[in-house]
Amino acid sequence: MGAPFSYPQAVAIAEALARHGVRFLFLGKSGAILLGFPDTTQDADLFVEKSEDNGRAIVAALVELGFPLDSTQRGEIERGKDFVQIRTGPFDLDLVFAPHGIENFAEAARRAVVVEGMPVCHIDDIIRSKEAAHREKDMESLPRLRAFRDWLRTRPPGRA
Amino acid sequence: MSPQAHDEWIRDFEAAARRPLELRMRYAFIKTYKPVLDDAPYRAFDTMEDYRRFCESLPRWLGYGRAV
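Protein sequences, first through last, are from chains A and B.
Letter by letter, the first sequence follows residues 1 to 160 of our numbering.
Letter by letter, the second sequence follows residues 1 to 68 of our numbering.
Only chain A is shown next, with the shape it has when bound in the complex:
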């Protein structure tokens, strides 16, 4: 179990992933928090494009950041399992290759928002994925997330 995810780590992972050419977006409640949603969560969720090239680049970036991945784990990430949880790195990380409620990476990337250099799924996609996942914890957070989305729409463009 790593330490709580922090701003310097968010910057570091965004920079490392970008350096290796990874196609990724912050997703889930961690993504909503980057957009300004005031709430608590435990780990960082990354929506990553499912392709072997992207998988190889993800592995290279994570190893560079200090995630101790063995050869089996590297292979699984490169081949793109739908969901990978890593609890042995500098922080807890979920890699989501096929999130519920989002048709494909390219569409989500087209709608994404960049916050201080970090690409984040649009709030509508974050809400859609939670609606589709339909877990108890998602159902609890959705009313407040929807209120946040409505509030965001009243803000001037470019202000998360």
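Derived by calculation from the structure, the hints in this document are not laboratory data.
Here a beta-carbon is modelled for each residue, glycine too, at the ideal position from N, C-alpha and C.
One thing to keep in mind: the hints can contain errors.
What the hints assert, rightly or not - If you anchor each label on the Cβ, the simulated ranges turn out as follows: (1) B:Ala17 / A:Gly21: 25 to 35 Å; (2) A:Ala109 / B:Pro3: 34 to 44 Å; (3) A:Asp53 / B:Leu62: 28 to 38 Å; (4) B:Pro35 / A:Gly21: 29 to 39 Å; (5) B:Gln4 / A:Lys137: 21 to 31 Å.
Let chain A serve as the given structure and place chain B on it in line with the hints.
Okay, now just chain B, sitting in the frame of chain A:
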């Protein structure tokens, strides 16, 4: 939800927007032990359906089970 509760959320959103991202993240990311979920250093699921089945095996109070 009451109008008062909604107004309180809006006040929360506005207060958060006045804080820098680094401070917001310090408040937002916490670490508490989650039984079963935190007991393996690494898990990979071939499909989201496999992951959902795993979630159903977690203690109910963690909230990862499908809402009825």
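List in ascending order the numbers of the hints, as given earlier, that are violated by the structure.
none
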